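Chain residues, written in single-letter form:
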Amino acid sequence: MAVLELEGDTALVSPVRRRGRRLGGLFVAALFWVVLIGLAAILANVLPIVSPTDMDFLGKRAPPSAAHLLGTDQLGRDMLSRLIYGARISLTVGLLSPVIGLVIGGALGMLAGYFGGRFEALTVGGVDVLLAFPPLVFALAVTAYLGQSALNITLVIGVLSIPAFTRVARAVTLSLAQREFVVAAQTLGATHMRILLRELLPNVALPLMAFFLLAVAVTIVVEGALSFLGLGVPPPAPSWGSMIGEGRESLDIAPWLAFLPAGFMFATVLAFNVIGDTLRALTDPRPGAL
Amino acid sequence: MTRALLSLEDVSVELPTPRGTLRAVDKVDLSLMPGRTLGIVGESGCGKTMLSRAILQLLPKRAKLSGRVRFGGHDLAALPAESLRRLRGPELAVVFQDPMTSLNPVLTIGTQLIETLQAHLGMDGAAAARRSVDLLAAVGIPAPAQRLRQYPHQLSGGMRQRVAIAIALSCEPKLLVADEPTTALDVTVQAQILDLLAREQRRRQMAMILITHDLGVVAGRTDEVAVMYAGRVVERAPTAQLFARMRMPYTEALLAAIPKLDSPPHTTLPAIAGRPPDPTRPMPGCSFSPRCRYADDHCRHAKPTLADPERSGGFYACWHPLTLPAAVGT
Amino acid sequence: MARFVGRKLLHLLPVLLAVTLLTFLIASLLPGDLAYTILGDQATPEKVAALRAQMGLDLPIWQRYLHWLWDVLQGDFGRSFRTGETVLAAVADRLPVSIELMLMAEGLGLLIGIPLAILCAVRSGSAIDRFLTGLAFGKLSLPSFMVAILLIYLFAVTLGWLPATGWVPFTEDPIGNLRSFVLPALTLAFAEWPVLMRVLRSDMIATLQEDYIAMAKAKGLHPARILLVHALKPSSLTLVTVTGINIGRLIGGALIVETIFALPGIGRLLVGAIYARDFIILQGVVLFVAIGFVLVNFIVDMLYAVLDPRIRHGRA
Chain A
1 MAVLELEGDT ALVSPVRRRG RRLGGLFVAA LFWVVLIGLA AILANVLPIV
51 SPTDMDFLGK RAPPSAAHLL GTDQLGRDML SRLIYGARIS LTVGLLSPVI
101 GLVIGGALGM LAGYFGGRFE ALTVGGVDVL LAFPPLVFAL AVTAYLGQSA
151 LNITLVIGVL SIPAFTRVAR AVTLSLAQRE FVVAAQTLGA THMRILLREL
201 LPNVALPLMA FFLLAVAVTI VVEGALSFLG LGVPPPAPSW GSMIGEGRES
251 LDIAPWLAFL PAGFMFATVL AFNVIGDTLR ALTDPRPGAL
Chain B
1 MTRALLSLED VSVELPTPRG TLRAVDKVDL SLMPGRTLGI VGESGCGKTM
51 LSRAILQLLP KRAKLSGRVR FGGHDLAALP AESLRRLRGP ELAVVFQDPM
101 TSLNPVLTIG TQLIETLQAH LGMDGAAAAR RSVDLLAAVG IPAPAQRLRQ
151 YPHQLSGGMR QRVAIAIALS CEPKLLVADE PTTALDVTVQ AQILDLLARE
201 QRRRQMAMIL ITHDLGVVAG RTDEVAVMYA GRVVERAPTA QLFARMRMPY
251 TEALLAAIPK LDSPPHTTLP AIAGRPPDPT RPMPGCSFSP RCRYADDHCR
301 HAKPTLADPE RSGGFYACWH PLTLPAAVGT
Chain C
1 MARFVGRKLL HLLPVLLAVT LLTFLIASLL PGDLAYTILG DQATPEKVAA
51 LRAQMGLDLP IWQRYLHWLW DVLQGDFGRS FRTGETVLAA VADRLPVSIE
101 LMLMAEGLGL LIGIPLAILC AVRSGSAIDR FLTGLAFGKL SLPSFMVAIL
151 LIYLFAVTLG WLPATGWVPF TEDPIGNLRS FVLPALTLAF AEWPVLMRVL
201 RSDMIATLQE DYIAMAKAKG LHPARILLVH ALKPSSLTLV TVTGINIGRL
251 IGGALIVETI FALPGIGRLL VGAIYARDFI ILQGVVLFVA IGFVLVNFIV
301 DMLYAVLDPR IRHGRA
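Residue numbers (my numbering), protein chains in the order written: chain A, 1 to 290; chain B, 1 to 330; chain C, 1 to 316.
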């Protein structure tokens, strides 16, 4: 069995262990950053920082000082405080939007994968049609017409994430639906409801959870892009995207005004990507999937 | 005496695995004269495929080869990549086990034949195409000119293996390594492919190594047979002599596992009891001893070496060689 | 092959129909009365009623859809009530900019992504492979507007080599035109190459373990031929898909990049239409973009058949 022998040894020698340890360090760092930024966002009101909307007209674009640890922006507002309040927006939208996709898309995908037939064809076709639309245009149009608010942005991005979740849930369900434990449950006369909830859901949950974390990263980016274009959360509420957009105007004299929020956003998005990817690799049976 | 075309000296192949180093090939010595045929026989996982890959220098990247693989005066393991490339094709060729996977699915049969000819014989496209038609005809493919434009998936398994053989023969190699060339094929075409290989081997006077798990395949088709077990050659003899007087209990067991047409219906095939040893855990004694019905304490503690104590040309590595003719052994 | 194309075309029709329906629904269900929007300050109930009747807005929604679809099928996508420009004219005007940007960005992305992917696949597990895959992974977390800011800061603000914004027609100033595309194209290419590299790398690693690659080596072919002919072609199906999706998206304009660099492409047209609440332009362009995306995907499906004869012959 020449083929088996060769495949066997390549699977055995893939450097899973070394890779795993390396990603492990990164994973801990990512987790640490997410917890840190999450706590800062939750405790923003309690933390001893100045209001993010207080302007200091005498100290515009000031470098870091004891009063303003990370300096001030073009209107003299405290950067650190704005960054922390910005994290509130990013994390709120970032964590809530994908929940919509997770619940609706996950359910649709599981039903499509489990029942198949016309329902599946319709779902897959619908997903293909939805994916044909430029998502950012859709988000922009809806926020432009419905009005800019954190709630609207969350809803729009959430709806836009449904097709992707549907795809993932359907793919995972399809791979499970023919497996022994499902077939066994069917033979034993379990109801569809019971099979879906008790047999399939626990197995679909983990891959969907991994995808959820990756979706959080994407959502933070989309919210940032909307705010960057001035169609996100309305000012003066601080958001990382709008801070980057405002900072762009003074790249030549105060580049840190754009780079600081960009750095925060990059670190947060990267952290969610690392956590999601590690989880995805854990649930992916292929060797070397990391 | 002519010089050997291929000689393996103390060849070992080690593969790193999460459970430790796996010794797939363990100190193998073999040699093959020009124009002669050698059968290498053993169970799955005995290291015969790794040995063939070592000869071809196609080992997986992480595999470690030690010892020397001498081929026509070169040490293949020490040869620069470009010199090795020039040997492959005109000197050294291979037919793999599964023609479903050994032909590139996205290139036409013609491309895969012609590129080989052009790489080594410096032919122009038209000459290479004519030669390809001849080659396909020689391996028994009907309507060869049309086949050139077809893709592998449009051919049956047997036809694909014929194409693979045509590619291997295209540059008149001095040595052909056939790695289980019929295992993936229907039983009905297995004999045809083996006969084709034997015919072309004689006609072209090339040396051939035929790797198989089936002792029946090498009988009558090779000059010499080497039996491998757990990475080692445990018995080696001229084919006729081996079948007449096999010395290794393992060889006997292999032979007994072949179904025979003349046995009465519902005869139970004597499968070899137990499993091959874990190659990551070398044992002090004979590797076959846990499954051998003749084994004693000595076998379990001292490793027999391959030798020819009777000076008969038949080498074996066994403390308790069989003395009876093989046919009666079971 | 003809049957393959025919079957795919048959699949295309319902999707296209669904796309028009969805475009129409989104545009129609957006709040705000179009007649009020158009009339603005001059809106009186009589004028609004008259305009609604004139535009057919008082008809039931399904009738409005059929009217609109009929117009669209005849090539009439509508006309901006602000500028009087037809959707087709507006798209024709902006499309060359978006296509030029797309070609440069996709070209650059492939130019960076493919060689790096091959390098990583050949040396998989090595230090260079781990460095590049790590870099690509990190890059996935850097959205294009951040890359744009970094590039502007580096090449426009600090070094002063390239313009940060602005655009001149190619016919007026070819060099200036190309210069204005460098930073936006680089921004998009930076977003593209990590994705392209990742998909090609993993497909290629799998391909390199195939028996036919061992066979190609055993035939004594030149290593470059093995990589570029025997390994690249069967490994490129996912790459083609991803590239196709990217092209489909970029034809619809790179919203953010075109806005940042002030390039008058489809993306800017859309953003402008949204800001101006020019809903007919918005509806027409979105429909155009979505149809373009579906068609590009159709072409990608055809490309599969070219790349893999097994698909062409109706297997797999």
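The hints are simulated quantities; they were obtained by calculation from the structure and are not laboratory data.
It is possible that part of the hints are untrue.
[As the list claims (entries may be wrong)] Here are some, though not all, of the chain B residues that point toward chain C, as calculated from beta-carbon distances under 8 Å:
id: 1; residue: V94
id: 2; residue: H120
id: 3; residue: A143
id: 4; residue: A145
id: 5; residue: Q146
id: 6; residue: R149
id: 7; residue: Y151
id: 8; residue: L155
id: 9; residue: I167
[To be verified] With a straight-line cut-off of 20 Å between C-alpha atoms, the simulated DMTMM-like cross-links for lysine to aspartate or glutamate are:
id: 10; chain 1: C; residue 1: K47; chain 2: C; residue 2: D58
id: 11; chain 1: C; residue 1: K8; chain 2: A; residue 2: D128
id: 12; chain 1: C; residue 1: K233; chain 2: C; residue 2: D301
id: 13; chain 1: C; residue 1: K8; chain 2: A; residue 2: E249
id: 14; chain 1: B; residue 1: K64; chain 2: B; residue 2: D75
id: 15; chain 1: B; residue 1: K64; chain 2: B; residue 2: E91
id: 16; chain 1: C; residue 1: K217; chain 2: B; residue 2: D10
id: 17; chain 1: B; residue 1: K61; chain 2: B; residue 2: D75
id: 18; chain 1: B; residue 1: K303; chain 2: B; residue 2: D10
id: 19; chain 1: C; residue 1: K233; chain 2: C; residue 2: E210
id: 20; chain 1: C; residue 1: K139; chain 2: C; residue 2: E106
id: 21; chain 1: B; residue 1: K174; chain 2: B; residue 2: D278
id: 22; chain 1: B; residue 1: K174; chain 2: B; residue 2: D75
id: 23; chain 1: C; residue 1: K233; chain 2: C; residue 2: D308
id: 24; chain 1: C; residue 1: K233; chain 2: C; residue 2: E106
id: 25; chain 1: C; residue 1: K217; chain 2: B; residue 2: D29
id: 26; chain 1: C; residue 1: K217; chain 2: B; residue 2: D278
id: 27; chain 1: B; residue 1: K27; chain 2: B; residue 2: E200
id: 28; chain 1: B; residue 1: K174; chain 2: B; residue 2: D186
id: 29; chain 1: B; residue 1: K61; chain 2: C; residue 2: E106
id: 30; chain 1: A; residue 1: K60; chain 2: A; residue 2: E249
id: 31; chain 1: B; residue 1: K61; chain 2: C; residue 2: D129
id: 32; chain 1: C; residue 1: K139; chain 2: C; residue 2: D129
id: 33; chain 1: B; residue 1: K64; chain 2: B; residue 2: D278
id: 34; chain 1: B; residue 1: K61; chain 2: C; residue 2: E210
id: 35; chain 1: C; residue 1: K217; chain 2: B; residue 2: D75
id: 36; chain 1: B; residue 1: K174; chain 2: B; residue 2: E91
[To be verified] Label-pair distances were calculated between CB atoms; the ranges are:
id: 37; chain 1: B; residue 1: G157; chain 2: A; residue 2: F115; range: 35 to 41 Å
id: 38; chain 1: C; residue 1: S126; chain 2: A; residue 2: Q148; range: 35 to 41 Å
id: 39; chain 1: C; residue 1: T83; chain 2: A; residue 2: I104; range: 57 to 63 Å
id: 40; chain 1: C; residue 1: P96; chain 2: B; residue 2: L79; range: 51 to 57 Å
The structure displayed is predicted, hence computed values, not measured ones.
For every residue, glycine included, the Cβ atom is placed at its ideal position computed from N, Cα and C.
Comparing the hints with the structure gives:
{"no.": "1", "hint": "V94", "in the structure": "4 Å, holds"}
{"no.": "2", "hint": "H120", "in the structure": "6 Å, holds"}
{"no.": "3", "hint": "A143", "in the structure": "18 Å, violated"}
{"no.": "4", "hint": "A145", "in the structure": "19 Å, violated"}
{"no.": "5", "hint": "Q146", "in the structure": "15 Å, violated"}
{"no.": "6", "hint": "R149", "in the structure": "11 Å, violated"}
{"no.": "7", "hint": "Y151", "in the structure": "4 Å, holds"}
{"no.": "8", "hint": "L155", "in the structure": "12 Å, violated"}
{"no.": "9", "hint": "I167", "in the structure": "7 Å, holds"}
{"no.": "10", "hint": "K47/C to D58/C", "in the structure": "13 Å, holds"}
{"no.": "11", "hint": "K8/C to D128/A", "in the structure": "14 Å, holds"}
{"no.": "12", "hint": "K233/C to D301/C", "in the structure": "15 Å, holds"}
{"no.": "13", "hint": "K8/C to E249/A", "in the structure": "49 Å, violated"}
{"no.": "14", "hint": "K64/B to D75/B", "in the structure": "16 Å, holds"}
{"no.": "15", "hint": "K64/B to E91/B", "in the structure": "24 Å, violated"}
{"no.": "16", "hint": "K217/C to D10/B", "in the structure": "25 Å, violated"}
{"no.": "17", "hint": "K61/B to D75/B", "in the structure": "19 Å, holds"}
{"no.": "18", "hint": "K303/B to D10/B", "in the structure": "16 Å, holds"}
{"no.": "19", "hint": "K233/C to E210/C", "in the structure": "13 Å, holds"}
{"no.": "20", "hint": "K139/C to E106/C", "in the structure": "17 Å, holds"}
{"no.": "21", "hint": "K174/B to D278/B", "in the structure": "36 Å, violated"}
{"no.": "22", "hint": "K174/B to D75/B", "in the structure": "16 Å, holds"}
{"no.": "23", "hint": "K233/C to D308/C", "in the structure": "8 Å, holds"}
{"no.": "24", "hint": "K233/C to E106/C", "in the structure": "19 Å, holds"}
{"no.": "25", "hint": "K217/C to D29/B", "in the structure": "25 Å, violated"}
{"no.": "26", "hint": "K217/C to D278/B", "in the structure": "31 Å, violated"}
{"no.": "27", "hint": "K27/B to E200/B", "in the structure": "32 Å, violated"}
{"no.": "28", "hint": "K174/B to D186/B", "in the structure": "29 Å, violated"}
{"no.": "29", "hint": "K61/B to E106/C", "in the structure": "34 Å, violated"}
{"no.": "30", "hint": "K60/A to E249/A", "in the structure": "14 Å, holds"}
{"no.": "31", "hint": "K61/B to D129/C", "in the structure": "15 Å, holds"}
{"no.": "32", "hint": "K139/C to D129/C", "in the structure": "15 Å, holds"}
{"no.": "33", "hint": "K64/B to D278/B", "in the structure": "19 Å, holds"}
{"no.": "34", "hint": "K61/B to E210/C", "in the structure": "14 Å, holds"}
{"no.": "35", "hint": "K217/C to D75/B", "in the structure": "18 Å, holds"}
{"no.": "36", "hint": "K174/B to E91/B", "in the structure": "5 Å, holds"}
{"no.": "37", "hint": "G157/B to F115/A: 35 to 41 Å", "in the structure": "38 Å, holds"}
{"no.": "38", "hint": "S126/C to Q148/A: 35 to 41 Å", "in the structure": "49 Å, violated"}
{"no.": "39", "hint": "T83/C to I104/A: 57 to 63 Å", "in the structure": "39 Å, violated"}
{"no.": "40", "hint": "P96/C to L79/B: 51 to 57 Å", "in the structure": "56 Å, holds"}
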